[in-house]
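*Asks:* Fit chain B to the supplied structure of chain A, relying on the hints for placement.
Sequence order for the protein chains is A and B.
Just so you know, we're using the UniProt record's numbering here: the first sequence kicks off at 1 and counts up by one.
Just so you know, we're using the UniProt record's numbering here: the second sequence kicks off at 1 and counts up by one.
Please keep in mind that the hints were generated in silico from the structure rather than gathered at the bench.
Virtual Cβ for every residue (Gly too), placed ideally from N, Cα, C.
Be careful, since some hints might not be right.
Using C-beta positions, here's what the derived DEER-type ranges look like [what the hints assert, rightly or not]:
#1 A/Pro205 x B/Arg268: 54 to 62 Å
#2 A/Ser274 x B/Gln350: 28 to 36 Å
#3 A/Arg255 x B/Gly75: 53 to 61 Å
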Amino acid sequence: MHIVVCIKQVPDSAQIRVHPVTNTIMRQGVPAIVNPYDLFSLEEALRLKDKFGGKVTMLCMGPPQAEEALRKCISFGADDAVLVTDRAFAGADTLATSYALTAGVRQIAKEQAVDIVFTGKQTIDGDTAQVGPGIAKRMGLQLLTYVSRIVEVDLENRSITVERRAEGGVQVLKTSLPCLITMLENTNEMRFANLPAMIHAAAYPVRKWSKEDAGIEDLSKIGLKGSPTVVSKVFGPTPRSEKVEMLDLENSSLRDVSLNLIQKIFTRHPTLESDLLMKEMT
Amino acid sequence: MSQAPTPAAAPAKRPAGRGGRNLELSDELKAYKGVWVFIEHDRGHVHSVSWELIGEARKLADTLGCPVSAILLGGPDEPLEKFAAEAFTFGADKAYIMKDPVLKGYRNEPFTKGMTDLVNKYQPEIFLLGATSMGRDLAGSVATTLLTGLTADCTELKIDPTSKALAATRPTFGGSLYCTIMTLAYRPQMATVRPRVMLMPRADASRTGEITYDTLGMIETQVVTKMLDFIADANSNKINLPYADVIVSGGKGLKNPENFKLVFELARVLGGEVGSTRPCVQAGWVEADRQVGQTGKTVRPKLYIAAGISGAIQHRVGCEAADVIVAINTDVNAPIFEFAHYGIVGNAMQVLPALTQAFAAHLALRSRQVA
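Chain A on its own, in the form it takes in the complex:
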């Protein structure tokens, strides 16, 4: 079984700060990590490999330093890694990114046919959840997003059954291989990398492909040129004009502060109190 897992190297958004004056992202000192959602997909790919044997190939589009993210995945147990990296990819939106990654998957598939492509559910920097569906459409693969469980893989009949989280329930879907899967968060727990694996990963020759290596000739489909969306403005969140009203616990009891707060809440939002009373009575 040959599985390709697409990942992205992202800045750890929990640690990102915005420059108060220029409204730009201050990246200094912010660690670059493997997009956390991608790891749920990687772990699922590794579990399939544990069960069926075969190979997990990592794929990433990004700057040269994204090699580190791929190395991390090698340390977890992925077999091979390809970084498609070219200045011409800069400025890509989700449509252009899905094009470059699709080219990468197709090139990898020339070496060995691919059974499943995994991507993360979404990234934590862009949060769009669009690249996975984009790759599936471009490759003509069946798309299984928000998968909460892989129920069964039948390699003989080339089929796969999964549970997919939908609004209000879970769909049980059966489709044919190859397909593209995005795993839901918290569906599994990423395994640990042991020391020999980390040493192996540190020395692993991550393959770096230019746009030509990935088989891309048409420059109009990648990077800024291949991106229909245009970022017209970037700005920080507007600070609230109204200041918070603090209730002092030092000079009054918890009970008084609570009663005072309740009065203030219901004075500010008169219908809330009647709503709550209605609920109480029904």
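*Replies:* For chain B alone, coordinates are given in the frame of chain A:
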């Protein structure tokens, strides 16, 4: 079915923008008119986000002077006409209905084909979908098939006065920044919006509209993915944060999962829901469905009580639309106090029980007075 002009086939005479790309709309794409909303429904029920989008679409259409259309795909026995009638009351002028056995229950392949065919045939200028598991799955596929721009999880939609293009604003970098995105040279301009980001429009029962029917042209044997089963969530453990009136949320300041019961107790007294932050969900203290924020749910309650939550920007984007925000935190410098209406500097483990008791007593007293 008519084929939309692909962006690649557009005339090359357009002026080049930054990076040599086209930013000018070709003449054939100028023919694209109208605002479309995908009406998401499942098992006889329309997702409220669709009505919220009709309300938003109405404003955009009024600015552009064009109609709003509701798009309904579903099975032959599903009440799509009833949903269309409801869409009219919320502000839609037209409805496009596609009924086919293979469209019963959402599956990516037939829905993408149906949607893509409709867009190519009727050429809408703007196409909005809910950022749900269905909407995001479908929007990404349709936009890629049509090779057009798609902006995810928008928090504001406007018409740019100069270009008349859709200016879609969305949080990025986990909510630290907002960016306004436009699709200038491609049509339709697509965007998804999360549930509860936009206000629910008021229904006007006198409004009606015109329905157009189309066929899918696909049979079951052509659809590769089969739905074997749908396991509906048990009502008892269904968490519906986006539509809760009162939410009591707990964060890492509660120190351990056991202390979360204090949050549940206050929520119970207020008949509300329990929310949380990403670190608590990651630590396994509460279910993922309780996460409020950029990577969780967007909420719009009347009252939001944040206990032991520092108020990181990722959390703020999910809850700042609440009418009243109360923050309880030991750290006076916690960012939550920058956007809360009322703040208590204190230990949530002590404040929560006091609040629970005071609310219970107050509500009991008032209901006796009312009765």
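*Asks:* If a hint holds in the structure, say so; if it doesn't, say that too.
*Replies:* To see whether the hints hold, each was checked on the structure:
1. Between A/Pro205 and B/Arg268 the beta carbon distance is about 58 Å. The supplied range of 54 to 62 Å therefore holds.
2. The supplied range of 28 to 36 Å is met by A/Ser274 and B/Gln350, whose beta-carbon atoms lie about 30 Å from each other.
3. Our hint of 53 to 61 Å for A/Arg255 and B/Gly75 holds, since their Cβ atoms are close to 58 Å apart.
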